[in-house]
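J.: Here is what each chain is made of, one letter per residue.
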Amino acid sequence: MRIQRKRKKRIDIAESGALSDLAFLLIIFFIVIAVFNVNTGFLLGLPRKNSTKILNVEDIVKINLRRDGVLVHEGTSVTLGDLEEIVSERLILRPNMTLLLTVSPDVAYQQVVEVVDFVRKKQVENFSFRMGEDDL
Amino acid sequence: MKIRRKGRRGPIISINAMSDIAFLLLIFIMLISLINYRQEIKIEYPEAEFQEVTQADKNLEIWIDAAGGIFFDGKAVSLTVLEGIIADAVSEDPSVRIHVLADRNTPYRHVNGVIELLKLLQHRVVSLVVREKP
Numbered sequence: 001m002r003i004q005r006k007r008k009k010r011i012d013i014a015e016s017g018a019l020s021d022l023a024f025l026l027i028i029f030f031i032v033i034a035v036f037n038v039n040t041g042f043l044l045g046l047p048r049k050n051s052t053k054i055l056n057v058e059d060i061v062k063i064n065l066r067r068d069g070v071l072v073h074e075g076t077s078v079t080l081g082d083l084e085e086i087v088s089e090r091l092i093l094r095p096n097m098t099l100l101l102t103v104s105p106d107v108a109y110q111q112v113v114e115v116v117d118f119v120r121k122k123q124v125e126n127f128s129f130r131m132g133e134d135d136l
Numbered sequence: 001m002k003i004r005r006k007g008r009r010g011p012i013i014s015i016n017a018m019s020d021i022a023f024l025l026l027i028f029i030m031l032i033s034l035i036n037y038r039q040e041i042k043i044e045y046p047e048a049e050f051q052e053v054t055q056a057d058k059n060l061e062i063w064i065d066a067a068g069g070i071f072f073d074g075k076a077v078s079l080t081v082l083e084g085i086i087a088d089a090v091s092e093d094p095s096v097r098i099h100v101l102a103d104r105n106t107p108y109r110h111v112n113g114v115i116e117l118l119k120l121l122q123h124r125v126v127s128l129v130v131r132e133k134p
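Sequence lines, in order, name chains V and R. In this text, residue positions in the first sequence follow this note's numbering: the first is 1, and each later residue adds one. In this text, residue positions in the second sequence follow this note's numbering: the first is 1, and each later residue adds one.
Okay, chain R solo, but in the shape it has when bound:
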C-alpha cells in the first residue's frame, strides 16, 4: 500500500492577537488623553530661548488672550471669580502648580493683574508659559 505523506506546511504566525492588543492600547491612550484634555484659548504664545518644563502633577491654567480677557477652563472669568477658583484649588491641594498662558501681544497690565492676585493669595511659585524660539 502506498502511504501518502502529508505535505509540510510552513509555520504561520497569527497576528489576530496583535490587533486586539493594539486596540486595547488605543482605547487606553484615548482615555488617558481625555483625562488630560484641556480647554485651550486661541493665543499666540510668547517665545524664549531658555525655558524649562514647568508641568507638575497637579496643574491649574489661567489663560489671558490678546484683549486681556481672563479664561479658566475655557470660560471667561473675572479676577474676583478667579480668586475663588485659585483659593479652592490651593486649599484642595497646596502643591498645585499655577500656569499663566498669556498672548504675546497682551498688554502687561493684564498679566500683572493675575500675578498681583497670586501674591495676594500668598502663592509662592508661578509658571509663565512660553514656547521655544524657532
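So here's chain V without its partners, still in its complex pose:
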C-alpha cells in the first residue's frame, strides 16, 4: 500500500495579516504621539517695556496675589468666587474696567495661572499683571 504524505503548507508571513495589523497599530501609536506635542494654553499680548497707558482711576480694580496664594482686594483677602462677584459688578458699572494683578515673586506659578484662567472665564478684556515687591 502506498502511503500518501501530506504536503507541508508553506506559511506566507505577509498573507497572515498579522504583519499589517502590527504596522497599523504602530502608525496609530505615532499619530497619537504626534498629537501630544501640541501646546495649549493662554496667548498673552505683552506691552512694550516701560510703556505707559493712561487709565481712568475708577476703571481700575487692583488685586494682589500674596506668596501664600491668597488674593487681596482693597486690604481684604478674597476667594476667586468673591472676585467673580466684584468683577461682575464692576463690569456692569464700568465696561472699560481694567484688572491689575500684582503678583508676589514667591507665589507658585499655578496660582497665577488660576487667576489668568479666571480672567479668561470672565472675559475681562483689559487685564494686566506684574511682579510686585517681596513683602506682598
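One should not assume that every hint holds.
Which residues of chain R face chain V? A few of them, derived with a C-beta cut under 8 Å, are [said to hold, decoys possible]: (1) Gln51; (2) Asp65; (3) Phe71; (4) Asn112; (5) Ile115; (6) Leu128; (7) Val129.
Note that these hints are calculated values from the structure, not bench results. Think of the CB as a built atom: it goes at the ideal place given N, C-alpha and C, for glycine as much as any other residue.
Fit chain R to the known structure of chain V by using the hints.
T.: Coordinates of chain R only, in the frame set by chain V:
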C-alpha cells in the same frame, strides 16, 4: 473522451501590497515625528479650565523647572544666552511663537524673568502653556 473540468477557485484578495503601504506609511510618520521631536524637561504642568491651542507653524519653547532653571532644547541656559537665542530666532522668522512651559510650583519670579526678557526684545505675543484641568 471525458473532458475534465477545472475546479473553480474562489476569488483571492492579495494583501501583500497592503503591508507594503502600511510600512511606507509607518516610515513616513516616524520621520515626521522625528522632525517634530522635542527635548522635554520634566515638569508638572499648571492646569486651567479655559485654554486654546497656541501651537503655530514655527515654535520656540522655553522650559522652566520647579527650581527655576531655564532650559532651551534640553540644555540649561542663562537669561543672557536665552536673549541671544530668542533674538536669533525672531530675526530669522518674526512670526515665531514663543511658548513658556513652566512647572506649576515654580516661584513666579523665574517666569517673570523670561517675560521681562521678551518685553525687552519687544516680542508681542507669548504663549503660557497649561494642561486641561481634569
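J.: Where does the structure disagree with the numbered hints, that is, which hint numbers, in rising order?
T.: Structure breaks hints 2, 3.
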